[in-house]
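Dock chain P against chain G, hints included.
Listed below, chain by chain, are the residues.
2 protein chains.
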Amino acid sequence: MEQIRIVKIGGNVINDPTLLRKFLKDFAQIEGKKILVHGGGKLATDLALKLNVPQQLIDGRRVTDEETLKIVTMVYAGYINKNIVAQLQANKCAALGISGADGEIIKAHKRIAAIDYGFVGDVDEVDIEKLSVLLHTFGTIVIAPITKDAGGQLLNTNADTIAQEIAKALSHTYDTKLIYTFEKTGVLLDVNNEASLIHRLDKSYYKALKKEEKIFAGMIPKLDNAFQALKSGVATVCIGEAKELKGLIAGSCGTKIVL
Amino acid sequence: MEQIRIVKIGGNVINDPTLLRKFLKDFAQIEGKKILVHGGGKLATDLALKLNVPQQLIDGRRVTDEETLKIVTMVYAGYINKNIVAQLQANKCAALGISGADGEIIKAHKRIAAIDYGFVGDVDEVDIEKLSVLLHTFGTIVIAPITKDAGGQLLNTNADTIAQEIAKALSHTYDTKLIYTFEKTGVLLDVNNEASLIHRLDKSYYKALKKEEKIFAGMIPKLDNAFQALKSGVATVCIGEAKELKGLIAGSCGTKIVL
Chain G
6 MEQIRIVKIG
16 GNVINDPTLL
26 RKFLKDFAQI
36 EGKKILVHGG
46 GKLATDLALK
56 LNVPQQLIDG
66 RRVTDEETLK
76 IVTMVYAGYI
86 NKNIVAQLQA
96 NKCAALGISG
106 ADGEIIKAHK
116 RIAAIDYGFV
126 GDVDEVDIEK
136 LSVLLHTFGT
146 IVIAPITKDA
156 GGQLLNTNAD
166 TIAQEIAKAL
176 SHTYDTKLIY
186 TFEKTGVLLD
196 VNNEASLIHR
206 LDKSYYKALK
216 KEEKIFAGMI
226 PKLDNAFQAL
236 KSGVATVCIG
246 EAKELKGLIA
256 GSCGTKIVL
Chain P
6 MEQIRIVKIG
16 GNVINDPTLL
26 RKFLKDFAQI
36 EGKKILVHGG
46 GKLATDLALK
56 LNVPQQLIDG
66 RRVTDEETLK
76 IVTMVYAGYI
86 NKNIVAQLQA
96 NKCAALGISG
106 ADGEIIKAHK
116 RIAAIDYGFV
126 GDVDEVDIEK
136 LSVLLHTFGT
146 IVIAPITKDA
156 GGQLLNTNAD
166 TIAQEIAKAL
176 SHTYDTKLIY
186 TFEKTGVLLD
196 VNNEASLIHR
206 LDKSYYKALK
216 KEEKIFAGMI
226 PKLDNAFQAL
236 KSGVATVCIG
246 EAKELKGLIA
256 GSCGTKIVL
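Chains as they are written, first to last, in the numbering used here: chain G, 6 to 264; chain P, 6 to 264.
One chain only, chain G, in its complex shape:
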């Protein structure tokens, strides 16, 4: 099976031009097919502030009203996506940048939940056939976390989830490695001590650490996503720091998640 790498970068990379530049240089050098899924970072919040659009967060998740949707569509699918694409191309990597809404590659619906997060999407399906054509033609695809529903409503969508859903869908035809990057070197036993990195985290260890409340808050949905991806056929999932991308690809850095 041909290899594919799917890397998700978070706000901490996007917010730091020097870190982003280094990361994209490393990413451009990954051989073979690859997908970069990017989140938003504080640029959207900054723009909302400048435009006097009040931002509401519930449990760390942004509530996306109509004005906020405009902002995230501009920032994620416009500014961030095209700047990443341009930098990758400057590193001899002819990336194609799209949002999840383009070509109906990701089908989604508006989240219906007890808490109304507004125009937020949950992924239904990834069109593997079309995505495979793009991968075959361009080698590298950069995806902004905007999707849409059947009625043409754009939806702000969690980038971790998009990375996971794409990895799951591609795992049937590719040897798929999913890499989540964030601000830590990996999953830590003690969140304040980078030396406490867990190199290998299996399901039972994860359960125990959750019970002891050593793993908590934002790490829980991230790791739940990771285990779900493995269960659905993704060959490898790891979590680590963007500046260690080469080590994460090689398997020498970060936390490897195993069933």
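For the record, the hints were derived by calculation from the structure and aren't laboratory data.
We put the CB at the ideal spot given by N, CA and C, even for glycine.
Accuracy of the hints is not assured; some may be wrong.
Under 8 Å between C-beta atoms, here's a sample of chain G residues computed to sit facing chain P [claimed, not checked]:
{"#": "1", "residue": "K55"}
{"#": "2", "residue": "V58"}
{"#": "3", "residue": "G65"}
{"#": "4", "residue": "V68"}
{"#": "5", "residue": "T78"}
{"#": "6", "residue": "G83"}
{"#": "7", "residue": "A95"}
{"#": "8", "residue": "K97"}
{"#": "9", "residue": "S104"}
{"#": "10", "residue": "A106"}
{"#": "11", "residue": "G108"}
{"#": "12", "residue": "E109"}
{"#": "13", "residue": "N163"}
{"#": "14", "residue": "K189"}
Stretch by stretch, here's where chain P covers chain G in the computed footprint (C-beta under 8 Å, at least three residues) [what the hints assert, rightly or not]:
{"#": "15", "segment": "22 to 28"}
{"#": "16", "segment": "152 to 159"}
Here is chain P on its own, set in the frame of chain G:
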């Protein structure tokens, strides 16, 4: 030869949600392969105003400084591009939205001229092979007028020129129809009288009308573009009103430009 239609819409359509909705409904119904190239409209100017980024126009052309480039990248490649894509999809047209920078489909360089327009691009080349794969896979491509140079610098680029360059490049393999839409029903003998529509404009008539100053200002580069496209092999070029798209496609509305 297979047919392809390339339609350029200007700011007057983008600025008017009702007109845009009707136009996209008509556009979605065009059979066969098609490309929509969109300009920016006043959304970018509005956003610049809100963000206190002063806008400088020289001869009606926007000077693109660094902050303005950020704004047009957000508005053109983000907000407008993705809203058009979502609306087309709601009309059963699974369009893919990209900018000229994506996948190195359009190669450009920063304009060097007596007047410094800032980060403005001139098109060097269109990658027909990659664009053809996208057309074959998605049928409909929506292109935002942002390109880049070899060094990875994003560039604000004239949408008329992008439409023309794409049409020229595709004319070798497709029976290519290029349609420019703008705020008038076509080229007018008297700019204030829509009834003075010129149905057919050839090169010698154009020269005569330019001499008489009946064709002037913004129409001149538009028509120069049109004649250049025909000379380079584009089968048909016409200019007319977006709300008459069906008639423009059928050849019953607008001005047909002929050599």
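Given hint G:E109 near chain P, where the shortest CB pair must fall under 8 Å: This hint holds: G:E109 lies near chain P, its Cβ roughly 4 Å from the closest one there, short of 8 Å.
Hint validity - G:G65 Cβ closer than 8 Å to any chain P Cβ: Nearest chain P Cβ about 24 Å off; hint violated.
Hint status (Cβ of G:K189 to nearest Cβ of chain P, threshold 8 Å): violated, 29 Å
Closest C-beta approach of G:K97 to chain P relative to 8 Å, hint status: The hint is violated - G:K97 has no Cβ within 8 Å of chain P, the shortest such distance being about 10 Å.
Coverage criterion applied to the segment 152 to 159 of chain G (partner chain P; beta-carbon cut 8 Å; 3 residues): holds (count 6)
Interface hint outcome for G:V68 [beta carbon to chain P under 8 Å]: Violated - the Cβ of G:V68 stays beyond 8 Å from chain P, reaching only about 19 Å at its closest.
Cut-off 8 Å, beta-carbon criterion: hint that G:A95 touches chain P: holds, 3 Å
Proposed interface contact between G:T78 and chain P, which counts if any beta carbon pair is under 8 Å: holds, 5 Å
Hint check, G:K55 versus chain P [nearest Cβ-Cβ separation less than 8 Å]: holds, 6 Å
Interface hint status, G:V58 versus chain P (Cβ within 8 Å): Since the shortest Cβ distance to chain P is 10 Å, the answer is violated.
Evaluation of the interface hint that places G:S104 against chain P, nearest CB under 8 Å: Check passed: Cβ of G:S104 comes within 6 Å of chain P, closer than 8 Å.
Chain P contact restraint for G:G108 - C-beta distance below 8 Å: holds, 4 Å
Of the numbered hints stated above, those contradicted by the structure are hints 2, 3, 4, 8, 13, 14, 15, listed in ascending order.
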